[in-house]
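A.B. asks: Sequence:
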Amino acid sequence: MEKASEIQRDGESMRDGESIRETERWRKYQRNREMKKTSENKMREKASKKQRDGQSILETERWRKHQRNRVMEKATEKQRDEESIRETERWRKHQRNREFEKASEKQRDGESMRETEKWRKHERCRKHQRNREMEKA
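Under the UniProt record's numbering, the first residue of the sequence shown is numbered 1, with each subsequent residue one higher.
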């Protein structure tokens, strides 16, 4: 009977040992799980921080781009205003030149009319002179 109780005790102790081992294994498993979770959380935090940093960088880039575009728009508006002013100046100059050309044309026309008159007078004089020479001869 002693042997049986000894065997039984050994079995119990064996079972106890197994349960102790199981408990140790369980604790180790839990520790590893916690560590893994912690490291995953840290990695997630780092990733989300990086992402946030990345987004803030993107936002900054977006802001800079926006600012550049605004500056460019303002410059373009300014340029358009200057161009319209220049166009206006060009138009005025063009109009002055046209007026001047018209006046010059009128003057030339007047001169050519005078030239024509001179020419006609000259022709009449020559014709008259020829006629006189013919009469003399």
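Mixed in with the good hints, there may be bad ones.
Capping the alpha-carbon separation at 16 Å, the derived lysine to aspartate or glutamate pairs in EDC-like fashion look like this [claimed, not checked]:
1. K49 with E59
2. K50 with E40
3. K121 with E111
4. K136 with E123
5. K93 with D109
Restraint-style ranges between C-beta atoms, simulated for each label pair [stated by the list, open to error]:
6. E59 with M35: 33 to 43 Å
7. M113 with T76: 48 to 58 Å
8. H128 with Q107: 47 to 57 Å
9. W63 with E22: 57 to 67 Å
10. N32 with V71: 35 to 45 Å
11. I57 with R98: 29 to 39 Å
12. R98 with K118: 36 to 46 Å
13. R70 with H94: 47 to 57 Å
14. Q79 with E59: 40 to 50 Å
15. E133 with A103: 53 to 63 Å
16. E123 with K93: 38 to 48 Å
17. K93 with W63: 39 to 49 Å
No lab work stands behind these hints: they were computed from the structure. For every residue, glycine included, the Cβ atom is placed at its ideal position computed from N, Cα and C.
A.B. asks: If a hint holds in the structure, say so; if it does not, say that too.
C.D. replies: Now for the hints, and whether the structure bears them out:
A distance of roughly 15 Å separates the Cα atoms of K49 and E59; the hinted pair therefore holds under the 16 Å criterion. Distance restraint check for K50 and E40: the Cα-Cα separation of roughly 15 Å lies within the 16 Å cut-off, and the hinted pair is therefore satisfied. At roughly 15 Å between alpha-carbon atoms, K121 and E111 fall within 16 Å of each other, so this suggested pair holds. Restraint check: the Cα-Cα separation between K136 and E123 comes to about 20 Å, which exceeds 16 Å; the hinted pair is violated.
At roughly 23 Å between alpha-carbon atoms, K93 and D109 are farther apart than 16 Å, so this suggested pair is violated. Taking 33 to 43 Å as the suggested C-beta distance range, the pair E59 and M35 conforms, at roughly 35 Å. The given range of 48 to 58 Å is respected by M113 and T76, whose C-beta atoms sit roughly 53 Å from each other. Taking 47 to 57 Å as the suggested C-beta distance range, the pair H128 and Q107 does not conform, at roughly 31 Å.
Between W63 and E22 the beta carbons are some 59 Å apart, a value that agrees with the proposed interval 57 to 67 Å. The given range of 35 to 45 Å is broken by N32 and V71, whose C-beta atoms sit roughly 57 Å from each other. Checked against the given bound of 29 to 39 Å, the beta carbons of I57 and R98, roughly 59 Å apart, lie outside it. Separation of R98 from K118 is about 29 Å and departs from the stated range, judged on CB atoms against 36 to 46 Å.
Between R70 and H94 the beta carbons are some 35 Å apart, a value that contradicts the proposed interval 47 to 57 Å. Restraint check, Q79 to E59: a C-beta distance of roughly 30 Å breaks the suggested window 40 to 50 Å. Distance hint for E133 and A103: a CB-CB separation of about 44 Å, inconsistent with the stated range 53 to 63 Å. In this structure, E123 and K93 meet the distance hint of 38 to 48 Å, their C-beta atoms being roughly 43 Å apart.
A hinted range of 39 to 49 Å for the beta carbons of K93 and W63 is consistent with their spacing of about 44 Å.
Checked against the numbered hints given earlier, this structure breaks hints 4, 5, 8, 10, 11, 12, 13, 14 and 15; the rest are met.
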